[in-house]
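Colleague: In case you want the letters, here they are:
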Amino acid sequence: MTGQPGYIGASSSITAEDVPALYEGAKFYSPAVGDANRSSITSWLAGLLDRNGPVPLLRVEGVPPETPCVSVCVLGSGSAMADLPPAGDEFEMAVRQIERLQRVSFGAVYPLAAATISALVAVVTAAQLRVPLLDADGMGRTFALIHHTAMHLSGVSPTPLAAVGPTGESVLVEVPDGPRADRMLRANVDTVGGWAALAAYPTTAGVLRRAALPGTVSRIANVGRLLLDSTDPDLLVTRLGAITGCRRPARGRIVELEHLSRPSDVTIPAHPSSLVVEELGGLGRQLRIELRSEIVAVFADGALIAGAPDLISLLDVSRGVLATLDSLEPGDLVDVLVTPADAVWYSPRGMEMVGMGSHGIPLAHPRRR
Amino acid sequence: MKRSSTLPITLGELARIQPLAGAEAHLADPSRQVVQVVLAETFDRLRRCTPHNLVVLHDEAATGGWSLAAALHLAWERNLSAVVVSRSVAGGSSVALAERLHMSLIVIDDDPIEVALQLAGQVSAPAAARALRQARLAEQLAEQTGIRGVLGVLNRELQQVPVALVVGGVVIGGQSAALTERPQVRQIEVEVHAPGERSAARLVAAVPVPGPASVEQVESLLRLARPSLQAAWAQSRLDTATRAAHEQAAFDLLRRLPSAPSPADVEVPGWTNELGWQVGEANRAVWLAPLRPSGEPPPEITYLIRASWQRGHTTWPLVAEGDGWISWHSGADPSEVTALRRALAAFRDSAVAHRLVIGVGRAHAGVAGLMRSVAEARLAAHVAREEGPGAVQWFDQVGANAALAWLPTTEIAQVADLTLEELMAAKDRAALVQTVLAVLDSGGSLSQASQRLGVHRNTVLARLARARQLGLTYDEPGQRLALHVLSYALTTLWSDTTAD
Amino acid sequence: MPAQGEDVAHIGVTLRPHRAHAAVVHGATVLPVEPVAPARTDLEGVIAAAVGVALRAAPGGAGAVTVDLAPLLLDTLVRPEAEVPPVAVVRIVPRAATDPALARSPAERVERRIARRWTVAGGHDLLGNELSPLDRDGLALLCEELAGTGIRHVAIVAAGSQARPAHEREVADAILAAVPGARISAASDYGGQGLVAREATVVIDSALTALTERVLDRCERTLARLPGSLELRVARGDGGYSTPSRIRVTPVMAFGATDSLELCGAAHLAGLDDCRVLLARDGRPVAGEVRHGLAVVRPAEPPGLGTELVVPMAVLTAVPEASLADSADVPVIRPDAPPHVLACVGAAISQPASWLDEVAFIESAAELDHVRREAEERATAMVMANGAAPGSTRVAEVSTVAVPYSPSGTIRIRVRVAGSPDTSLARR
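Residue numbers (full-length UniProt numbering), protein chains in the order written: chain F, 1 to 369; chain A, 1 to 500; chain U, 1 to 428.
FYI, nobody ran anything at the bench for these hints, they're computed from the structure. Where hints are given, some of them may not hold.
[Claimed, not checked] Derived CB-CB ranges, DEER-like:
(1) 19/U / 52/F: 19 to 27 Å
(2) 15/F / 329/U: 36 to 44 Å
(3) 47/A / 177/F: 32 to 40 Å
(4) 160/A / 392/U: 29 to 37 Å
(5) 191/A / 282/F: 26 to 34 Å
(6) 363/U / 109/A: 17 to 25 Å
(7) 15/F / 373/U: 45 to 53 Å
(8) 92/A / 392/U: 23 to 31 Å
(9) 127/A / 329/U: 50 to 58 Å
[Claimed, not checked] Partial chain A-side listing against chain F, Cβ under 10 Å, derived:
(10) 61
(11) 65
(12) 69
(13) 72
(14) 73
(15) 74
(16) 91
(17) 488
Just so it is clear, CB atoms sit at the ideal spot from N, CA and C, and this is done for glycine as well.
Chain F extracted, bound-state conformation:
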């Protein structure tokens, strides 16, 4: 089942020493926001792992199928979370609310998205609840909405779900239709401070064997180790390619950051903007990089060369680290990295949900042409 390149083993555990690598790897799979809360989140998690002991990281198959499992993630903006850090009990509270509602006791936690801070808070929650963490997730990267998951594609409902804000206020949502849940939650998230701890997709390990993407937590740890190991952009690209299948179609300098008040789908957060990059060397092409909350498409001289659900990230060449989308500036030298997403996202239903069409780009994905 593993098939994942670089997968380190059937079962393992996460200790305080793994936290920096987890953080960096999680950032690779969603390089949206900067490091404003890196130190506080990593020290929080490391402290928990020191006090409560390592969190076991288990393959879904390694857990009895009837084990109740729940996913957690950060809903909303990383910037808001940096500015209003958690008190510390939000995720645990969210899980407990569903436990009370469903009268179950969850035997394992898994990340809704094994990327960005959401990957780390899953470890936090497992450590707080003293349950294992599943080496699987629902996205394999980050998508904008909470029903953009492999579980949803497999018919698992995200609800009942609970969201707890840093204010301590909470929302419990029960809807029959997944997409409705996201819409109901967004307004509440703004009210409780711009982000919330979400516990969702309560199900069993047996269901997750077919419904979740396996190996995605150990993958970010491996990617993170690479990123911490070297700041040589060429070496990084080669090594990342071996683990994630990523390639570098171009290197160039940012020449323009363009904001357009274009009609955008209000259900998708963050308005569209566009980045113009002059390719250095090669064909000297003009690259246009479309941003939403993530990079959703790359055009070279107007020809689409990569697009959602591909994971597209920018490597700051002069610093040898991933560039976060909220810190881009004209003049920066960047490598454009394109990593294939999990196969499920290239299926017709996957493409319909998270492909370029969902971002208002009605073009055929380069893989389809």
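Given the structure of chain F, go ahead and fit chains A and U onto it with the hints provided.
Modeller: For chains A and U alone, coordinates are given in the frame of chain F:
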């Protein structure tokens, strides 16, 4: 209707009429034909476009950022003629990309739907569109009051077709490239002068075939320009006549100044500046004179000479004086003649066309110096006549020989007829006289004379012997000067006659 | 009025823990300064020697002295035994942290300087909406306790105070009333992102106040004794400079200046406006960038501190030699001059600068233009307060990016403005 006007309209033509006339056009190739206009609201529609379509982006296809980049790329793939898009969507990088792809991009401020409808009408009825263009052009032409302006409008309108106004073989406005004959270029001409006028003014255009504009179209545009051009020309000649009179009067005033008690102290009057004249440290006069003087030249010719002489040197004076024209160049350095040499070289074609010769005086200081230089230039011009139309003679190189130019050659020839009857009756008289002249010019050196004449020394000897027999006793000291002068006069007269 | 124009030299000084260094820059000439006697390597001796060098080098003598305090400040902060006044921290957030790690600063060197912490309920979101009313009872209790501790340096940080500083101000007013003479540093003065980084910034600010005051007093006394009228300037973390009076109230702005100054100094010596500069840190090569004559800076984690700050400073990255050659579309320079000379040159040539990093909410392109213009105007006003001549200011960098996963229209805007010195500002 002419067959050509139903040919597909070109991008260049469309860009010259509303609604695109006011748009920001980045045309990769104005001669691209436009066979159809497509209003593309979706990328699907864009993908179905066929080559030579012009596409107006709208709605989904014009959301900015990526969409224009992708549309430009699709347009390039589908070999479309141009992409038209709202300004709100097009940034500087879009223009850069269009240039990279060699795709025409037109940025509009108006509503895309309306623009598309208008363009569709123009493309489906190219004749009507062309009529519209002509109407617009007529308006622009009517606004012009000068020849330069009229030709400017024509050359702007006909971008790849150079147009020139030519009078008697001389380009007096526009682009002289119109006269250059090249392969795959057809020259067309339209007469401009008003009925009853002498001078043959023509508009000449060099039309590349095949090119963005058909020969018939260009011709009709040239005809359209004719009335404006006639009016402008009449006006400028009127202006010129006034100016010429003004300048003549001013120069007369200037001429009288040096006769003041101490010529060296003559101050340059301020009014010379108003005419754009300069009189300074080193004034070098130029005399433009007809090869065959025939009294005061008509103002029309003065106009043409002025147009040609002052091209690029608008401050240089041109004063009609007697049977010729005076001009001069002023500067600080008497030895500086580069500008003048260049001007003379540029004027050569006109000089030949109008059968003029040119004399150049030496550089002298002040008003008095200028007058002296004028006299020198005049003398030099007389010498220049020996060498035929277009000749230039510098006084520095003529010196006292200038005196010879003043000899009344016709009268002297009559003297010869009476006194040297035998010689004048001889068939080879010209060769004999020429030989005697060469020997006298060379101070009696036979070898020098034979070199100058390009004949063998023995031939020179034989001719001299025969000339002496016929009465041309050049070696008698008492007669030598008279015969030298006589030989000179006859040679000049005869060479002029043969040259004519 | 200080001497003006081309015939004036400028002095750059960098204060290391055990000695000071100086250099004189006069046009294209750079003169390192050796103190008159080996014993006179303190700041007074070095500045006096530099003024002497400047007088010999330029007809107008020295115009200004720009001082880099950063090495001294960092040394004091990281040396546990250094004498630093204890700092109290007041956090204004809706709820107190339940986890000990979240209640403190992740940076040990910052936390060490904090003698007491209080959390008061309150705070706003990033767009300025109140998340919790300010807990006035808690505030009253805090004031009472604080007065009893004898702590006089207080750092205040409220969630969302960049957008709405009301809660911070109310707390500051209450503390000033309860503890007259308290020296307060409020996070809303610095903008930026992230509560932890903002808190660390004001804590360092509070901790360094006393030292900064002492050093600037010494500098001013020294200049007053020297001939001529010398203007004192203080280098900022972004490589620009500010007036001593500004730095006295915002000492953290001077923190981390050395890296930026070394980059700019190296670029100046190489005669380049745009380049990559290779420096050595702990024997390893690191690289930084200079664009349009200014060091590339961002809010970053100073080496060895353990947390980010919200004041911008140069980012130096460890770079393997191999990767430098091929990516270079800008020249790479390896300065020969020793680091302290680079820093002094960078200080001598520095320009008044300002930096602004905010979050805004826009609904249209026109509104974006408005927000951007408004931010540029504010940054321009700031740079003039930092010593720029009116009319000489230019927007060096401006970037607006959408904040990911935030409501559509939320943008982060950053503006950097530089100017030319206003020579009429000198007070002596």
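Colleague: Now, for every hint given, state plainly whether the structure supports it.
Modeller: How the hints compare with the structure:
no. : hint                      : in the structure
1   : 19/U / 52/F: 19 to 27 Å   : violated (49 Å)
2   : 15/F / 329/U: 36 to 44 Å  : holds (43 Å)
3   : 47/A / 177/F: 32 to 40 Å  : holds (34 Å)
4   : 160/A / 392/U: 29 to 37 Å : violated (49 Å)
5   : 191/A / 282/F: 26 to 34 Å : violated (59 Å)
6   : 363/U / 109/A: 17 to 25 Å : holds (23 Å)
7   : 15/F / 373/U: 45 to 53 Å  : holds (51 Å)
8   : 92/A / 392/U: 23 to 31 Å  : holds (28 Å)
9   : 127/A / 329/U: 50 to 58 Å : holds (54 Å)
10  : 61                        : holds (9 Å)
11  : 65                        : holds (3 Å)
12  : 69                        : holds (4 Å)
13  : 72                        : holds (5 Å)
14  : 73                        : holds (3 Å)
15  : 74                        : holds (7 Å)
16  : 91                        : holds (6 Å)
17  : 488                       : violated (75 Å)
In summary, the numbered hints that this structure violates are 1, 4, 5, 17.
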